[in-house]
Amino acid sequence: MTNDEKIAKALEQALYDDIAEYEKLPDHKFSRGFNRKMKRMFQEEVVAESHLSVVRRRRKLPAAVAVVCSVVLLMGAAATTYYLWNNFRMQDRGLYTLLNITDVENCPKTLEEHYRLTADLSGFTENVIDDDELSYFVEYENKEKNIKISFQQVTKHGLTTMLNTEGKEPPVEVTINSCYGIYFESKYENCILIWDSGDYIINLSAHGISKNDLFVLAEFVQKVE
Amino acid sequence: MSFPNKNKEVRRVKKLVSIAIVLVMALSFCTTAFAVSASTYATGADKRDSILSISGSTATCKSIYTANGDDAVKVVITQSLEKQGLFWSWSKVAGEWTKTSDGSSMVLTNTVSNLEKGKYRVKSMFTVTDKNGKEETIPLYSTTEKVG
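Those protein sequence lines, which keep their order, are chains A and B. Take the first sequence: its position 71, counting from 1, is numbered 70 in numbering that gives the first Met the number 0, and each next residue is one higher. Take the second sequence: its position 37, counting from 1, is numbered 36 in numbering that gives the first Met the number 0, and each next residue is one higher.
Certain hints may be false.
[Stated by the list, open to error] Just some of the chain A residues that point at chain B, by a computed CB distance under 8 Å:
id : residue
1  : Arg56
2  : Leu60
3  : Asn105
4  : Lys108
5  : Leu110
6  : Asp129
7  : Asp131
8  : Phe136
9  : Ser149
10 : Thr159
11 : Leu162
12 : Asn163
13 : Ser185
14 : Asn189
15 : His206
[Stated by the list, open to error] In the SDA-like style, the derived pairs of lysine to any residue whose C-alpha atoms are separated by at most 20 Å in a straight line are:
id : chain 1 : residue 1 : chain 2 : residue 2
16 : A       : Lys142    : B       : Lys91
17 : B       : Lys130    : A       : Tyr187
18 : B       : Lys91     : B       : Thr128
19 : A       : Lys108    : B       : Ser54
20 : B       : Lys14     : A       : Ala62
21 : A       : Lys186    : A       : Gln90
No lab work stands behind these hints, which were simulated from the structure alone. Every residue, glycine too, gets a C-beta built ideally from N, C-alpha and C.
Just chain B, with the same shape it has in the complex (with noise of 0.2 Å):
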């Protein structure tokens, strides 16, 4: 006997087992992504901040790099607004703006204007170039801020 409503029953239930499956996977590799990212903590600062003020339609993006190790040589800050679009996603809206010390402290600000309703924040990407010529990159998120 053939039962073709139980046939096309049972591939639904497959499709939606596999659909669960890939899901499962990428939330276990974006778990594992993370880790990597952690590792490659950059040398030469104390302490780094990411930093944004709304005020209005205004906003302003701060950087900042304490130093107070020797490793460092050189220090490239990266800055950049992004929005919150669709599912979380983030998307550039202003930037980058970039500044370069030698290996001292500094500090980067930037202002945007006329700003759309959303919430916003600030990037703010630390590259560390050490004695040995060694670079790394590690980026810094300030908290989330709503425009309107």
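Bound-form chain A, shown alone (with noise of 0.2 Å):
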């Protein structure tokens, strides 16, 4: 018999005389108050551990709320593309498009410096729509030639402009006058031009001429006294 053989044979006869002391334990009954103490114990404990798996869930039930809604939030603003370009702020919501003013901090409330379209308009009526101290209108007319200008200067307080962009490409940046703005097409197919002279926003806007001539008018814009 080897070594290995011998210590397994002394514990298996270890285990058996364990066994047979085990079987001659007196039989033994546990009181009601004993039995209803642990009963008591266990139930506390299933409870604490059903409520703190409970106050887990609430800890984490804000967080994937807050989740799901700004899965949703984002794609609604998806559905919008947005362009900012210097001070030109667009949303892009495909039928048209919005433009709104970002920096109006140190802009007059009121026009205090007028802009005109000095250009040599002989043969257009004019027709002034609007004039005070926050909005300057004019449109010119050569029913003739079928041309129509429109020209406005307006403050940048308080201003939101809907641009009818509608099946056209979006409006792209440009430099007028060293100032910065937009063209756009519009789908009645007239030219228009909006730019930030600094303290206002000035359009000029065609009907019946090519965009190189439109850019062209554009220099005939000018502070006037």
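Could you fit the two chains together into a complex? Lean on the hints.
Structure representation (structure tokens):
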């Protein structure tokens, strides 16, 4: 018999002796009080565990709600494309584009300086539509040549503009008279220029002339006394 | 074994989940509703503007319709001044004022004085009727300006 076999036999015998000792023990009945205490102890442990798991779930819930809400809002935002060009913030909403001016802090709230279209427009009838401290709006029309020109000067504060870009390319960035601006062609094939003169927003649009002619016309927009 | 505390906690969690689902559904509807309004863009104008200018406690409201198309035969501008309330809600405090044209360019200007402290905006509704009699109304809000 090897040493390992002797050790195994001895351990086996020790196990059988332990079992024989256990079987010699008298039958014992636990008291009702002891059973009640044990039952209560086990119950409290299970409730504590379940309470802890509920607390953990409750802590995760606001985070889950925030994630889901963010995803939904992002999906809505993704449906709108945003452009930012200098002070022009544009939202392309498919059928139209919304334009806001971002930096109006040091700009006057009224028209303290006046811009006018100083080009020679003989043969055109002039129609002043608005002329007050917030805006100047004039239209020139030559019915014979089927040309119509609109010129506007407005203050920057509180301004939101909706541009008819339906089915057309979005507005592009341009520089007019050393000022930042945008150019686009509307659904009606009209050419429209909008630029930031520094303190005011200038709009020049035309029907019946080319884009190049409109840019040439824009050079005749001057500050007047 | 019954665990009354556990049942109460589970019911509370279920309530919170229900509220969260309702909130998410409400946000989804807002996105959809916006998409519906965008598809009804009207004809007749190259450009529309909504402007609000505040000086002291006086507001000047301006709505500009720049026509450059032949589609519109009638344009109505309806203008009102709104004030921001609780939870970003808006309520009308002045207006509505209206002006009508035969489709040509027009400007509507109104002044409101003695305004209370708060945030305001101008709501400009442009109702355009085309040659076929089809009518479309588009709202345009100015940016928000503060009094006080």
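Hint-by-hint comparison with the structure:
Checking Arg56 of chain A against chain B by beta carbon gives a least distance of about 6 Å; that is within 8 Å, so the hint holds. This hint holds: Leu60 of chain A has a C-beta 6 Å from the nearest C-beta of chain B, less than the 8 Å allowed. Annotation: Asn105 of chain A was flagged as interfacial toward chain B, and the flag is violated, the nearest CB pair being 16 Å apart, outside 8 Å. Given hint, Lys108 of chain A at the interface with chain B, holds; its Cβ is 6 Å from that chain's nearest Cβ, closer than 8 Å.
Interface hint at Leu110 of chain A: violated, since its Cβ lies 11 Å from the closest Cβ of chain B, which is beyond the 8 Å cut-off. A cut of 8 Å between beta carbons decides the hint on Asp129 of chain A: the least distance to chain B is about 4 Å, and the hint holds. Annotation: Asp131 of chain A was flagged as interfacial toward chain B, and the flag holds, the nearest CB pair being 7 Å apart, inside 8 Å. The beta carbon of Phe136 of chain A is positioned within 8 Å of a beta carbon in chain B (closest approach about 6 Å), and the interface hint is therefore held.
Taken as an interface hint, Ser149 of chain A checks out: its beta carbon lies about 6 Å from the nearest beta carbon of chain B, inside 8 Å. Given hint, Thr159 of chain A at the interface with chain B, holds; its Cβ is 5 Å from that chain's nearest Cβ, closer than 8 Å. The interface hint given for Leu162 of chain A is met, as the beta carbon of that residue sits about 6 Å from the closest beta carbon of chain B, less than 8 Å. Given the 8 Å rule on beta carbons, the hint for Asn163 of chain A holds: about 5 Å separates it from the nearest Cβ of chain B.
Because the beta carbon of Ser185 of chain A sits about 4 Å from the nearest beta carbon in chain B, less than 8 Å, this interface hint is met. Using the Cβ-Cβ criterion of 8 Å, the hint placing Asn189 of chain A at the interface with chain B is satisfied: the shortest such distance is roughly 5 Å. Restraint check, His206 of chain A versus chain B: the minimum CB separation of about 5 Å is within 8 Å; hint holds. For the suggested pair Lys142 of chain A and Lys91 of chain B, the alpha carbons sit about 42 Å apart, so the restraint of at most 20 Å is broken.
Between the alpha carbons of Lys130 of chain B and Tyr187 of chain A the distance comes to roughly 15 Å, so the proposed pair stays at or under 20 Å and holds. Taking the CA atoms of Lys91 of chain B and Thr128 of chain B, the gap is about 25 Å. The hint is violated against a cut of 20 Å. Distance check on the hinted pair: Lys108 of chain A and Ser54 of chain B sit about 8 Å apart at the alpha-carbon level, within 20 Å; holds. A distance of roughly 16 Å separates the Cα atoms of Lys14 of chain B and Ala62 of chain A; the hinted pair therefore holds under the 20 Å criterion.
As the CA atoms of Lys186 of chain A and Gln90 of chain A are separated by approximately 17 Å, the hinted pair is consistent with the 20 Å bound.
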